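Based on the hints, put chain C in the right spot on chain F.
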Amino acid sequence: MKEVNISELERRFQEKIDNDIRIEPKDWMPDEYRKTLIRQISQHAHSEVVGMLPEGNWITRAPNLRRKAVLLAKVQDEAGHGLYLYSAVETLGADREQTIDDLHSGKAKYSSIFNYPTLTWADMGAIGWLVDGAAIMNQVPLCRCSYGPYARAMVRVCKEESFHQRQGFEIMTTLAKGSPEQKAMAQDALNRFWWPALMMFGPNDADSKHTQQSMDWRIKRHTNDELRQMFVDATVPQAELIGLTVPDPDLKWNEETGHYEFGAINWDEFWEVVKGNGPCNKDRIDTRRKAKEEGLWVREAAMAHAEKRAKRKSA
Amino acid sequence: MEHLFEYVLRIGDDSLILGQRLAEWCGHGPILEEDIAMTNISLDLIGQATTLLEYAAKIEGKGKNADQLAFLRFDKDYRNLLLVEQPNGDFGMTMMRQFFFDAFRKPFFEALQHSKDEQLSAIAEKSLKETRYHLKHSSEWVIRLGDGTEESHQRIQESLDALYRYTDELFYSDEVQKAMESAGIAPKMDDVRTEWNKTVDYVLNEATLKIPDNQWKFEGGRRGMHSEHLGYILADMQYMQRAYPGLEW
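Heads up: the sequence lines are chains F and C, in that order.
Sequential numbering from 23 applies to the first sequence in the numbering used here.
Sequential numbering from 1174 applies to the second sequence in the numbering used here.
Check each hint, because a few of them may be wrong.
Said to hold, decoys possible - Here are some chain F residues pointing at chain C (derived, C-beta under 8 Å): (1) L75; (2) A91; (3) V97; (4) A326.
If you're looking for bench data, these hints aren't it; they were derived computationally from the structure.
Small disclaimer: the values here were computed from a predicted structure and weren't measured.
Beta carbons are placed, not taken as given, at the ideal position from N, Cα and C, and that holds for glycine.
Next comes chain F alone, as it looks inside the complex (with noise of 0.2 Å):
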């Protein structure tokens, strides 16, 4: 009987899927969408803040105010994507310190591109330029994403991912047509990160094992590969504009296909970052940890005093 009723219920969620009706949180959905979503949002999530880090890295040292306040504004931004995305989480029935506990503990993944480090002014141009690009060709097809929560989040995220990109060339160009070491810093900048965004979009298809999955239930709409020659055919005739040169040299446009192609990603490279074997994958996860280690008392102080105050008004 109950074996009938969950396939039942299997047969109009996935009817529902495909006639593009949302699901939301209090509709029955199979146990696996639930988990995969948890996984993805959460991982997502943890881009978000963990991505405070190396951008926080420069906030101190930005050349002039307008600098300073730009990306303090974004950085801000940043947390608070963090924080739709947490509580898109727990609409799925997770609970949101369980989920930073397993990023804390190495259980839960994020975006390996923040494992890089920021080492000059420029990669706050090509952060925002090359990642926040990234980023934002992920995230567009998933405003349409079959659960309700996250593809909504992703809009308000979007309109501000577009901005973060914007600011990001904008640097870039403003090097690019400064002094001889401005130019290099953006060219340097330019080398470092062009290879790690480009690894943004996961796996080669043949080698991702959840696309298929998530493509049917309609999470996913483009596979990594396609996402991935979306951005390259972006971004190619961006850095031409301003003048720098993309790190690769097999680099080609092919006039029949009307893309870019380019040359092979270090997937070697990839797996090992993802291991946890990056340059700032224990800086980045410390200090994450230590800010919340470091703030339990605060939590704590919050807790008992909204405790006593809920009390002296019984009373």
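Below, chain C alone, put in the same frame as chain F:
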């Protein structure tokens, strides 16, 4: 005009240095909500500093802009309070520093709205809106931490004891201040102090915290005599402008 330049610098530098200090918290807050709050307050302060230093540069009339004032002065030329350059310490220290400052800034901007200097009056009106939120935020945290757990009470009492000696300087008065007061440009510091005392008494009482017995007072920032901390703040803040002079960013 020299007095006015000096006076505007004082207000602008307070915002600049405290904004810079708060920015150090980015990504390290005790909860994500506080990362957002502290970044937001820092952003408000950097915005205030920009407007005030632009105005100061105009008064000075040497063709400089706000960035040149913010990034290319030497430590003795900064006019901020010693309070705002004190290290962040733990979250309680940061909130206590913020509270003492916000409790001053609110009555200060309220009065500065009526300044005879139209530019300052306009800046005060805009900044006051922000400052009201800042004060609400910092006083709520002082109360929570003071009247929270035993540990939090002890920690924030220690922060209060460490920072209290920098609060008298909030009301620093010298010939610049007096000249600005008599020109109807600056608020009367005695009035601002009365309001500050009221807020501080109320909040510390709610927080079950005590003003320390040691009433020793420090001053110097308004005269360019700073603590050791300012040098490091400037080393960070000025790095790009010093390493790559005269470039557009």
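Status of each hint after checking the structure:
no.: 1; hint: L75; in the structure: 5 Å, holds
no.: 2; hint: A91; in the structure: 5 Å, holds
no.: 3; hint: V97; in the structure: 6 Å, holds
no.: 4; hint: A326; in the structure: 5 Å, holds
Going down the numbered hints, you'll see the structure goes against none, and every one checks out.
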